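Sequence lines, in order, name chains Y and A. Residue numbers are given in our numbering: position 75 of the first sequence equals residue 184, and the series is strictly consecutive. Residue numbers are given in our numbering: position 94 of the second sequence equals residue 203, and the series is strictly consecutive.
It is worth saying that the hints were derived from the structure and are not from the lab. For clarity, every value in this text was computed on a predicted model and none was experimentally measured. Some hints could be false.
Each pair may be met inside one copy or between any two copies, as identical chains are not told apart.
With a cut-off of at most 30 Å between alpha-carbon atoms, the simulated DSSO-like pairs for lysine-lysine come out as follows [as the list claims (entries may be wrong)]:
id	residue 1	residue 2
1	Lys289	Lys315
2	Lys160	Lys177
3	Lys252	Lys151
4	Lys385	Lys356
5	Lys330	Lys363
6	Lys322	Lys254
7	Lys195	Lys379
8	Lys177	Lys151
9	Lys254	Lys317
10	Lys221	Lys389
11	Lys351	Lys385
One letter stands for each residue in the lines below.
Number of protein chains: 2
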Amino acid sequence: MKKTFLKNNKNIQFLIIGLGLIGGSIAKRLSKNSFEVLAIEKNKSHLNYAKKSKIIIGSLEKIDTTKKLFVIIALPPKVLLNNFDKYLDLFHKADFVTDCTSVKGSLLNKIKKNKLESKFILSHPIAGSEKSGFLNSNEDLFKDKISIIAKHKGLATSTLLKCKEFWFELGSKTHNLDPKLHDKIFSLTSHLPHVVAFSLISLLSKRKTSEYKKFIGGGLKDFTRIAESDPKMWENIFSLNKYNLLKDISDIEKEIKKIKTFILQGDGSKLEGHLKKIKKTKESLNR
Amino acid sequence: MKKTFLKNNKNIQFLIIGLGLIGGSIAKRLSKNSFEVLAIEKNKSHLNYAKKSKIIIGSLEKIDTTKKLFVIIALPPKVLLNNFDKYLDLFHKADFVTDCTSVKGSLLNKIKKNKLESKFILSHPIAGSEKSGFLNSNEDLFKDKISIIAKHKGLATSTLLKCKEFWFELGSKTHNLDPKLHDKIFSLTSHLPHVVAFSLISLLSKRKTSEYKKFIGGGLKDFTRIAESDPKMWENIFSLNKYNLLKDISDIEKEIKKIKTFILQGDGSKLEGHLKKIKKTKESLNR
Chain Y
110 MKKTFLKNNK NIQFLIIGLG LIGGSIAKRL SKNSFEVLAI EKNKSHLNYA KKSKIIIGSL
170 EKIDTTKKLF VIIALPPKVL LNNFDKYLDL FHKADFVTDC TSVKGSLLNK IKKNKLESKF
230 ILSHPIAGSE KSGFLNSNED LFKDKISIIA KHKGLATSTL LKCKEFWFEL GSKTHNLDPK
290 LHDKIFSLTS HLPHVVAFSL ISLLSKRKTS EYKKFIGGGL KDFTRIAESD PKMWENIFSL
350 NKYNLLKDIS DIEKEIKKIK TFILQGDGSK LEGHLKKIKK TKESLNR
Chain A
110 MKKTFLKNNK NIQFLIIGLG LIGGSIAKRL SKNSFEVLAI EKNKSHLNYA KKSKIIIGSL
170 EKIDTTKKLF VIIALPPKVL LNNFDKYLDL FHKADFVTDC TSVKGSLLNK IKKNKLESKF
230 ILSHPIAGSE KSGFLNSNED LFKDKISIIA KHKGLATSTL LKCKEFWFEL GSKTHNLDPK
290 LHDKIFSLTS HLPHVVAFSL ISLLSKRKTS EYKKFIGGGL KDFTRIAESD PKMWENIFSL
350 NKYNLLKDIS DIEKEIKKIK TFILQGDGSK LEGHLKKIKK TKESLNR
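Let's have the full structure, built from the sequences with the hints guiding it.
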């Protein structure tokens with residue numbers, strides 16, 4: 110990709126809000142690529158460590174108003190919404206703002222309400238992990254991953270280009286998606302599986318025999334990786350994508366009930382037919 | 110492990126009933142280890158291929174009554190039950206019989222009813238795969254895996270020792286489990302996750318936008334591998350482990366409903382607390 114906006118890295122400052130897994134990984138890659146990185150982070154020891162190890166040059170006190178300010182928000186979605194107003198001045202001063210959250214609807218409303226449509230663009234890097242926090246961050250987290258850009262009305266073309274260059278700088282490809290469709294898709298493909306994984310582990314925790322834990326390899330293990338994900342972030346996501354997710358939960362309840370009914374009725378051939386159809390769908394995903 | 114019963118391999122014939130993934134893999138390993146292997150398989154082209162490539166020496170016509178006959182049943186659980194009587198003579202003639210199914214209760218009843226308790230032992234190798242069938246079988250399928258031996262009352266000590274040696278010959282360790290507990294454990298750790306995985310893919314198949322399929326990496330993908338498993342076998346398993354599985358399905362419905370209610374009520378801190386507890390359980394599984 111030909112760089113336009115990120116060509117002269119002496120001309121830009123990146124301000125990362127939140128140095129967790131995502132924010133920390135962004136800061137590490139950008140500083141490695143010789144950009145000036147600033148950060149806001151309430152965990153002082155992480156902030157100091159980032160300063161000492163030259164991942165960042167400092168915090169708000171280091172803002173150089175002669176340079177362009179690119180603000181990257183890496184907070185959990187509800188934390189971002191609850192603190193949006195606190196950062197409003199920063200957003201207005203900035204040349205470019207994007208986020209990294211996996212729910213878009215309510216954030217877009219905030220952006221519109223505050224007339225930030227032109228320079229604030231919605232991003233969602235598909236680079237999460239069950240490992241969370243700054244200590245797990247690494248400069249290659251976004252390498253060869255996809256970052257979704259959810260374009261909205263009123264966005265400046267330059268903002269879109271800046272966003273693409275930004276993710277390209279981190280090693281990612283980008284993919285456009287409508288914000289509403291984004292929230293629907295991720296409800297089903299990510300948020301619902303997390304609900305189910307958390308539920309399966311919760312159920313397992315109620316079985317007292319330790320023998321259960323020895324035999325999770327026959328299926329359960331595949332599901333459980335994501336049940337180790339950050340509870341705060343997932344509470345945020347479930348709550349913010351409430352309407353899509355409640356619909357999907359009702360739908361999965363119906364699907365489970367369908368199989369339950371086949372089993373109850375003892376109708377083996379209907380059940381086998383149902384599973385055959387599903388296997389075909391799964392195989393089509395591999396193509 | 111010191112071999113007693115499998116020491117002199119000229120003295121024994123193995124008869125494998127069913128040359129699928131499991132039976133084929135057993136036959137390949139045993140013939141490689143210079144045992145005489147016979148097989149019963151309704152797919153004639155697989156049977157002929159196995160003969161031509163010297164995986165087996167033939168079928169029932171090759172039984173040598175001067176040798177000890179070890180019968181290994183590698184059929185799906187309901188297929189085995191439905192054909193049990195057909196093989197009764199064989200079982201009575203045999204020196205040793207075991208199976209490879211993942212539901213034990215109803216098979217044990219058949220064994221008792223036919224007074225085969227002494228020489229027929231329940232096995233369950235934890236070596237399944239979403240890939241099924243003879244064409245996916247391989248001699249190392251059981252290497253470093255665990256095979257469960259579900260001991261019942263009336264079993265001869267020699268049968269238990271033969272079974273341990275048999276799985277050891279294939280490269281597996283063995284683990285004892287009570288047959289009833291076996292069915293309870295595998296209902297939760299394997300059969301229920303399959304119900305959920307099939308349900309998630311069934312739901313996905315109803316979404317018409319192709320964009321959904323591009324973004325299964327954020328959670329759904331983990332669940333989907335097992336939805337490609339053999340429909341016939343899983344219908345068999347779901348149906349035979351009906352009572353344990355229906356109970357577990359009801360329990361997972363309650364767990365999902367719990368999270369649904371927290372989301373509906375908008376009670377973020379309760380939801381976060383619930384997810385935190387689950388994360389702790391998950392972490393304890395890693396130890």
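Verification of the hints:
1. Taking the shortest Cα distances, lysine 289 and lysine 315 sit within 30 Å of each other only across copies (18 Å), while inside one copy they are farther apart (38 Å).
2. For the identical chains of this complex, lysine 160 and lysine 177 are intra-copy neighbours only, at 21 Å inside a copy versus 75 Å across copies, given an alpha-carbon limit of 30 Å.
3. Taking CA atoms no more than 30 Å apart as the test, lysine 252 paired with lysine 151 passes inside one copy only; the shortest distance there is 27 Å, against 50 Å between copies.
4. For the identical chains of this complex, lysine 385 and lysine 356 are neighbours both inside a copy (26 Å) and across copies (24 Å), given an alpha-carbon limit of 30 Å.
5. In this homomeric assembly, lysine 330 and lysine 363 come within 30 Å of each other (Cα to Cα) both inside a single copy, at 24 Å, and across copies, at 21 Å.
6. Taking the closest pair of Cα atoms, lysine 322 and lysine 254 come within 30 Å of each other only across two copies (16 Å); inside a single copy the shortest separation is 33 Å, beyond that limit.
7. In the homo-oligomer, the alpha carbons of lysine 195 and lysine 379 lie at most 30 Å apart only across protomers (26 Å), although the nearest pairing inside one protomer, at 57 Å, exceeds that limit.
8. In the homo-oligomer, the alpha carbons of lysine 177 and lysine 151 lie at most 30 Å apart inside one protomer (24 Å), although the nearest pairing across protomers, at 73 Å, exceeds that limit.
9. In this homomeric assembly, lysine 254 and lysine 317 come within 30 Å of each other (Cα to Cα) only across copies, at 25 Å, whereas the closest approach inside a single copy is 40 Å.
10. When the C-alpha separation of lysine 221 and lysine 389 is checked against a cutoff of 30 Å, the pair qualifies neither within a copy, at 43 Å, nor between copies, at 39 Å.
11. For the identical chains of this complex, lysine 351 and lysine 385 are inter-copy neighbours only, at 19 Å across copies versus 32 Å inside a copy, given an alpha-carbon limit of 30 Å.
Comparing the model with each earlier hint shows a violation of hint 10 alone; every other hint is respected.
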